[in-house]
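K.L.:
Below, each chain spelled out in residue letters.
Protein chains: 2
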Amino acid sequence: MTHEADQPIEWLRCDAPASDVVITSRVRLARNFAGFPFTGRADTSERAQILRIAQSQILDADLAPKVMWVDITELSDTERRVLVERHLISSNHAEGDQPRAVAVSSPDERLAIMVNEEDHLRIQVIRAGLDLTDAFEQANTADDKIESRADFAFSPRFGYLTACPTNVGTGLRVSAMLHLPALRLTGDLEKVKRAAKGMNLAVRGFFGEGSEAAGDLYQISNQTTLGRSEREILQQFEQVVVPRIMEFERSARLTLAQKRPYFFEDQIFRALAILRSARLMKIEEAMTLLGVVRLGIVSSLINDVPLATLHNLILNVQTAHLQRTHKRNMSQRERRIERAALIRNALKEPNHG
Amino acid sequence: MTHEADQPIEWLRCDAPASDVVITSRVRLARNFAGFPFTGRADTSERAQILRIAQSQILDADLAPKVMWVDITELSDTERRVLVERHLISSNHAEGDQPRAVAVSSPDERLAIMVNEEDHLRIQVIRAGLDLTDAFEQANTADDKIESRADFAFSPRFGYLTACPTNVGTGLRVSAMLHLPALRLTGDLEKVKRAAKGMNLAVRGFFGEGSEAAGDLYQISNQTTLGRSEREILQQFEQVVVPRIMEFERSARLTLAQKRPYFFEDQIFRALAILRSARLMKIEEAMTLLGVVRLGIVSSLINDVPLATLHNLILNVQTAHLQRTHKRNMSQRERRIERAALIRNALKEPNHG
Numbered sequence: 120m121t122h123e124a125d126q127p128i129e130w131l132r133c134d135a136p137a138s139d140v141v142i143t144s145r146v147r148l149a150r151n152f153a154g155f156p157f158t159g160r161a162d163t164s165e166r167a168q169i170l171r172i173a174q175s176q177i178l179d180a181d182l183a184p185k186v187m188w189v190d191i192t193e194l195s196d197t198e199r200r201v202l203v204e205r206h207l208i209s210s211n212h213a214e215g216d217q218p219r220a221v222a223v224s225s226p227d228e229r230l231a232i233m234v235n236e237e238d239h240l241r242i243q244v245i246r247a248g249l250d251l252t253d254a255f256e257q258a259n260t261a262d263d264k265i266e267s268r269a270d271f272a273f274s275p276r277f278g279y280l281t282a283c284p285t286n287v288g289t290g291l292r293v294s295a296m297l298h299l300p301a302l303r304l305t306g307d308l309e310k311v312k313r314a315a316k317g318m319n320l321a322v323r324g325f326f327g328e329g330s331e332a333a334g335d336l337y338q339i340s341n342q343t344t345l346g347r348s349e350r351e352i353l354q355q356f357e358q359v360v361v362p363r364i365m366e367f368e369r370s371a372r373l374t375l376a377q378k379r380p381y382f383f384e385d386q387i388f389r390a391l392a393i394l395r396s397a398r399l400m401k402i403e404e405a406m407t408l409l410g411v412v413r414l415g416i417v418s419s420l421i422n423d424v425p426l427a428t429l430h431n432l433i434l435n436v437q438t439a440h441l442q443r444t445h446k447r448n449m450s451q452r453e454r455r456i457e458r459a460a461l462i463r464n465a466l467k468e469p470n471h472g
Numbered sequence: 120m121t122h123e124a125d126q127p128i129e130w131l132r133c134d135a136p137a138s139d140v141v142i143t144s145r146v147r148l149a150r151n152f153a154g155f156p157f158t159g160r161a162d163t164s165e166r167a168q169i170l171r172i173a174q175s176q177i178l179d180a181d182l183a184p185k186v187m188w189v190d191i192t193e194l195s196d197t198e199r200r201v202l203v204e205r206h207l208i209s210s211n212h213a214e215g216d217q218p219r220a221v222a223v224s225s226p227d228e229r230l231a232i233m234v235n236e237e238d239h240l241r242i243q244v245i246r247a248g249l250d251l252t253d254a255f256e257q258a259n260t261a262d263d264k265i266e267s268r269a270d271f272a273f274s275p276r277f278g279y280l281t282a283c284p285t286n287v288g289t290g291l292r293v294s295a296m297l298h299l300p301a302l303r304l305t306g307d308l309e310k311v312k313r314a315a316k317g318m319n320l321a322v323r324g325f326f327g328e329g330s331e332a333a334g335d336l337y338q339i340s341n342q343t344t345l346g347r348s349e350r351e352i353l354q355q356f357e358q359v360v361v362p363r364i365m366e367f368e369r370s371a372r373l374t375l376a377q378k379r380p381y382f383f384e385d386q387i388f389r390a391l392a393i394l395r396s397a398r399l400m401k402i403e404e405a406m407t408l409l410g411v412v413r414l415g416i417v418s419s420l421i422n423d424v425p426l427a428t429l430h431n432l433i434l435n436v437q438t439a440h441l442q443r444t445h446k447r448n449m450s451q452r453e454r455r456i457e458r459a460a461l462i463r464n465a466l467k468e469p470n471h472g
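Protein chains in written order, with my numbering: chain A, 120 to 472; chain B, 120 to 472.
Please note that the accuracy of each hint is not assured.
Since copy identity is lost for identical chains, a pair holds within one copy or between any two.
Claimed, not checked - Quick list of in silico lysine-lysine cross-link-like pairs, DSS-like style, CA-CA up to 30 Å:
1. K467 <-> K185
2. K378 <-> K446
3. K446 <-> K264
4. K467 <-> K401
5. K312 <-> K378
6. K312 <-> K467
These are calculated hints, taken from the structure and not from any lab test.
Please build the complete structure, drawing on both the sequences and the hints.
P.N.:
Put into C-alpha cells, the structure is as follows:
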C-alpha cells in the first residue's frame with residue numbers, strides 16, 4: 120500500500136460532530152462463511168480457500184469507489200505495523216504467516232474488512248466524530264452486498280455465529296475513540312472508567328484490547344450483542360452512553376478553565392513548548408503532549424496550530440509511520456531524534472524561520 | 120534597604136574569570152572583640168554593646184565609598200529573607216530578635232560584615248567568577264582597618280579566636296559557588312562530590328550549610344584554617360582545588376556536547392521552552408531550569424538570552440524578592456503564578472509581542 124502521510128483519511132478529519140471529545144466512531148460486524156471452521160480452527164488450505172472466496176466477493180461487491188486488497192503475508196513488518204497504526208487491522212491480524220488480508224476503501228479508509236482474523240470477515244466502518252448511524256449504514260450496506268453473494272453462518276435462534284460467544288447475535292460492536300485529557304487532569308478518570316464498566320462498556324487504550332492509553336485517548340465499546348437488536352445497541356451507545364461520558368469530560372474541562380485557569384494553561388502551554396523544542400522524543404511522551412495540545416486547541420487556548428496538523432502528528436509520530444517516512448528501519452535513538460524533528464517542524468511557529 | 124531588582128551587584132556580573140563554571144568566589148574572616156564573650160554566650164546587653172562598637176568602627180573605617188548599616192531586628196521577615204537571598208547574611212543571622220546587624224557596601228554588595236552572628240564580626244567579600252586573590256585583598260584591608268581601631272581576640276599560639284574551633288587560626292574561610300549541571304547530567308556529580316570531600320572540602324547547596332543544591336549550584340569551601348597561613352589556604356584553593364573541579368565540569372560538558380549532542384540540546388532547549396511557557400512555577404523547578412539554561416548560554420547553544428538576564432532571574436525568582444517586587448506577602452499559589460510571569464517576561468523572545 121502507498122499512503123501519503125498527509126492524505127485526508129477519515130479518522131483524521133477535524134470538522135466532525137462532537138469532535139471536541141469524540142475522535143472517531145466505529146462499527147464492526149463479525150461474519151463467517153457457512154461450511155468452514157472459524158479461522159482459529161481452520162488449517163492453512165482452508166484459510167487460503169476462505170481468503171479466495173472473500174477476495175472475489177469483496178472486490179466484486181462494489182463497496183466503495185476504490186477498494187484495495189492487501190495480502191498481509193506479503194508485507195514487511197513495518198508495512199504491517201503501518202496498518203495497525205492506521206487502525207485498519209488489529210495487532211493480532213498483523214502477526215503470523217497464515218493466509219490473511221485486509222480490504223480497504225481508498226483513499227478515505229472509512230471501510231476496512233479484515234479477512235481471517237478471529238472471524239472470517241470483520242467489516243469495520245469508521246467515522247470522524249460522533250457519527251455511529253452513518254457508520255452503521257455503510258457497514259450494513261457492505262454486509263448486505265457481500266451476503267447477497269455468500270452464505271454466512273447464521274442460526275435462526277442465536278443470529279450470526281462468531282468465533283467468540285460475546286459476538287454471537289448481531290455480530291455488532293460499536294465503539295468510540297474518546298479524548299479524555301481533562302478527566303485525567305482533574306483526577307476523575309478512574310471514576311468515569313468505573314462508571315463506564317458499570318454501563319457494561321469495555322474501556323481500552325488507543326490501540327485496542329490490552330493497549331495502554333496514549334494521548335489520553337480511550338476506546339469504549341459495547342460488551343454484548345446477543346439478545347438485542349442492532350438499532351437498540353446503536354441508539355443506546357450513540358444517544359446515551361457516549362453523550363454521558365462526553366459530558367463528564369466537558370464538565371471537567373469547564374472546571375479546569377474556570378476554577379484552575381493557571382493550572383490549565385500551564386499544562387497546555389508547557390506541552391506545546393516542549394513539543395516545539397525537544398530534540399529527543401519518546402512515543403509515549405509525544406502522545407501525552409499531543410493529547411494535551413489537542414485539548415488546548417479545542418479549548419481555544421492554542422490558536423496557531425490547526426487541529427489537522429495535530430491529528431496528522433498523532434499518526435505520523437508512530438514508530439512504523441516514522442520508519443516508512445524515512446524508508447528505513449531506525450534504532451530507538453534515531454526514532455526519538457526523528458520524531459522530535461518531525462514534531463518541531465510541523466509545529467513551527469509562523470514567525471520563526 | 121532599597122535595592123533595585125536589576126542593580127548590578129557583584130555576584131550577578133557576567134564577565135568574570137572562569138565564569139563558565141565559577142559563579143562567585145568568597146572570602147570570609149571571623150573576628151571577635153577581646154573582652155566580650157562570643158555572641159552565643161553573650162547576653163542581650165553585651166550583644167547590644169558589641170553592636171554599638173562594631174557600628175562605629177565599621178562606619179568610621181572607610182571600608183568602601185558607601186557602606187549601609189542594616190539593623191536586622193528592625194526588618195520584616197521578607198526584608199530579612201531578601202538579605203539571605205542576596206547572600207549578604209546567613210539564614211541563622213536572619214532569625215531572632217537579639218541585637219544583630221549587617222554592614223553592606225553599596226551598590227556593589229561586594230563587602231558584607233555580619234555583626235553578632237556566630238562570631239562578633241564576619242567580614243565577607245565576594246567576587247564574580249574565580250577571583251579569590253582580589254576578594255582576599257579587600258577582606259584583609261577591611262580587617263586591618265577595623266583592627267586598627269579595635270582589639271580582636273587573638274592568641275599568639277592559635278591565632279584569631281573564634282566561636283567554632285574549626286575557624287580558629289586565620290579565621291579564614293574561602294569558598295566558591297560552582298555551577299555543575301553537566302556533572303549532574305552525566306551522572307558523575309556524586310563522584311566529584313566524594314573527591315571534593317577527599318580534598319577536605321565542604322560541599323553545600325546554594326544557600327550554604329544544610330541547604331539543597333538549587334540550579335546545580337554548589338558552594339565548596341575549605342574546612343580547616345588552623346596551622347596554615349592565609350596565603351597557603353588561598354593559593355591551594357584557587358590554584359589547585361577549584362581548577363580541578365572546574366576541569367571535571369568542563370570535561371563533562373565536552374563529553375555531552377560531543378558524544379550526546381541530542382541529549383544535551385534536548386535538555387537545554389526544553390528547559391528554555393518551559394521557562395518561556397509555564398504559567399505556574401515552583402522555586403525548585405525554576406532554579407533547576409534556570410541552571411540548565413545557564414549551561415546553554417555558556418555553551419553557546421542559547422544565543423538570545425543574555426547571561427545577565429539569567430543571573431537576575433536566579434535572584435528575583437526567590438520567594439522574598441518576589442514578594443518585595445509585588446510589595447505584599449503572597450500565597451504559595453500566587454508566588455508560583457507571579458514567578459512564572461516574571462520569567463516569561465524576562466525571557467520573552469525578541470520577535471514576540
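K.L.:
Regarding K467 and K185, is the shortest C-alpha distance of 30 Å or less found within a copy, between copies, in both, or in neither?
P.N.:
Answer is neither: 35 Å inside a copy and 51 Å across each miss the 30 Å cutoff.
K.L.:
How would you label the pair K312, K378 (within, between, both, or neither) given a Cα cut-off of 30 Å?
P.N.:
Classified as within; 23 Å inside a copy, 45 Å across copies.
K.L.:
With 30 Å as the alpha-carbon cut-off, assign the pair K312 and K467 to within, between, both or neither.
P.N.:
Neither: 36 Å inside a copy, 41 Å across copies.
K.L.:
Is the C-alpha distance from K467 to K401 at most 30 Å within one copy, between copies, in both cases, or in neither?
P.N.:
Both. Shortest intra-copy (19 Å) and inter-copy (28 Å) distances satisfy the 30 Å Cα cut-off.
K.L.:
Under a CA distance limit of 30 Å, which applies to K378 and K446: within one copy, between copies, both, or neither?
P.N.:
between (48 Å within a copy, 26 Å between copies)
K.L.:
Should K446 paired with K264 be assigned to within, between, both, or neither, using CA atoms and 30 Å as the limit?
P.N.:
Close neither inside one copy (38 Å) nor across copies (76 Å); limit 30 Å.
Checked against the numbered hints given earlier, the structure breaks hints 1, 3 and 6 and satisfies all the rest.
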